[in-house]
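Going by this note's numbering, the sequence shown opens with residue 13, and the numbers climb by one from there.
Fair warning: there could be bad hints in the mix.
Claimed, not checked - Simulated restraints, written as ranges between beta carbons of each label pair:
#: 1; residue 1: R62; residue 2: E152; range: 35 to 41 Å
#: 2; residue 1: E60; residue 2: P123; range: 31 to 37 Å
#: 3; residue 1: E150; residue 2: D180; range: 19 to 25 Å
To be verified - Below, computed lysine to aspartate or glutamate pairings styled on DMTMM-like, alpha-carbon distance capped at 25 Å:
#: 4; residue 1: K52; residue 2: D148
#: 5; residue 1: K106; residue 2: E60
#: 6; residue 1: K86; residue 2: E167
#: 7; residue 1: K57; residue 2: D162
#: 8; residue 1: K161; residue 2: D148
#: 9; residue 1: K126; residue 2: D83
#: 10; residue 1: K86; residue 2: D162
#: 11; residue 1: K126; residue 2: E68
#: 12; residue 1: K52; residue 2: E72
#: 13; residue 1: K52; residue 2: D162
#: 14; residue 1: K126; residue 2: E60
Honestly, the hints are just simulated from the structure, not real lab data.
Glycine included, each C-beta is placed from N, C-alpha and C at the ideal position.
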Amino acid sequence: MRVFRTLLLLAVLPLAACGALDTKDLPPCPRVSVLADASKMTRFKPGEGRDLTDVELQAEFLSYRGSCAYDPEKKVITLTLSVGIGLARGPAAKGRVQSLAYFIAIPAFYPDPKGRSELPVTVEFPEKSDRVRYTDDEVEVSIPIANLKDLGKYEVFLGLQLDRAALDYNRRQVNPR
Numbered sequence: 013m014r015v016f017r018t019l020l021l022l023a024v025l026p027l028a029a030c031g032a033l034d035t036k037d038l039p040p041c042p043r044v045s046v047l048a049d050a051s052k053m054t055r056f057k058p059g060e061g062r063d064l065t066d067v068e069l070q071a072e073f074l075s076y077r078g079s080c081a082y083d084p085e086k087k088v089i090t091l092t093l094s095v096g097i098g099l100a101r102g103p104a105a106k107g108r109v110q111s112l113a114y115f116i117a118i119p120a121f122y123p124d125p126k127g128r129s130e131l132p133v134t135v136e137f138p139e140k141s142d143r144v145r146y147t148d149d150e151v152e153v154s155i156p157i158a159n160l161k162d163l164g165k166y167e168v169f170l171g172l173q174l175d176r177a178a179l180d181y182n183r184r185q186v187n188p189r
């Protein structure tokens, strides 16, 4: 399940390296992080039940990797990112196809919607398997950068797109009351 996507955001994903014509002038790439509260997702079937038999889907960020390159003429940094998400089909799941989404967000640009992108994911579980690893082959992000000296102030966050109930569930798992 490999997908190629191109996104236009306002800032940068902190990745392995940024390329420029002269290596001594390489701009630093901002730091990239997976938000702890949005690193996992448990989707329950509709209703009040919240035990193991009510689980439709579980997902977890497993990995991300990438690179970035700077075009000094266009003043744009292009990032290439690949994410890995582990998925488990729960006993309450109907059918073998499940959908979810993950996001790339740059808080420095909030509330501008161009500083956040949501990427939909659809996975088909093979017969006789309730676990699968999804890899987005390449997500390309082009980011206009007016002043490279300010690049270090940007942070980029990845996470699974959660509704309020899923976010609250994650937080209760970490800090049970």
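Here is how each hint holds up against the structure:
Between R62 and E152, the C-beta spacing of about 39 Å keeps the proposed range 35 to 41 Å intact. For E60 and P123, the hinted distance range of 31 to 37 Å is satisfied, since their beta carbons lie about 34 Å from each other. Take E150 and D180: their Cβ atoms lie about 33 Å apart, and the range 19 to 25 Å is violated. Of the supplied pair hints, the one linking K52 and D148 holds, its CA atoms being roughly 17 Å apart against a limit of 25 Å.
Between K106 and E60, the direct Cα distance comes to roughly 18 Å. Compliance with the 25 Å bound is thereby established for this hinted pair. For the proposed pair K86 and E167, the alpha carbon gap of about 22 Å is at most 25 Å, so the pair holds. Taking the CA atoms of K57 and D162, the gap is about 45 Å. The hint is violated against a cut of 25 Å. Simply put, K161 and D148 have alpha-carbon atoms about 31 Å apart, too far for the 25 Å limit, and the pair is violated.
For the hint pairing K126 with D83, the CA-to-CA distance comes to about 20 Å; that is within 25 Å, so the pair holds. The hinted pair formed by K86 and D162 meets the criterion: a straight-line CA distance of about 17 Å does not exceed 25 Å. Taking the CA atoms of K126 and E68, the gap is about 32 Å. The hint is violated against a cut of 25 Å. A C-alpha spacing of about 4 Å is found between K52 and E72, which places the hinted pair at or below 25 Å, so the restraint holds.
The hinted pair formed by K52 and D162 fails the criterion: a straight-line CA distance of about 32 Å is larger than 25 Å. Restraint check: the Cα-Cα separation between K126 and E60 comes to about 36 Å, which exceeds 25 Å; the hinted pair is violated.
Consistency note: the structure conflicts with the earlier hints numbered 3, 7, 8, 11, 13, 14.
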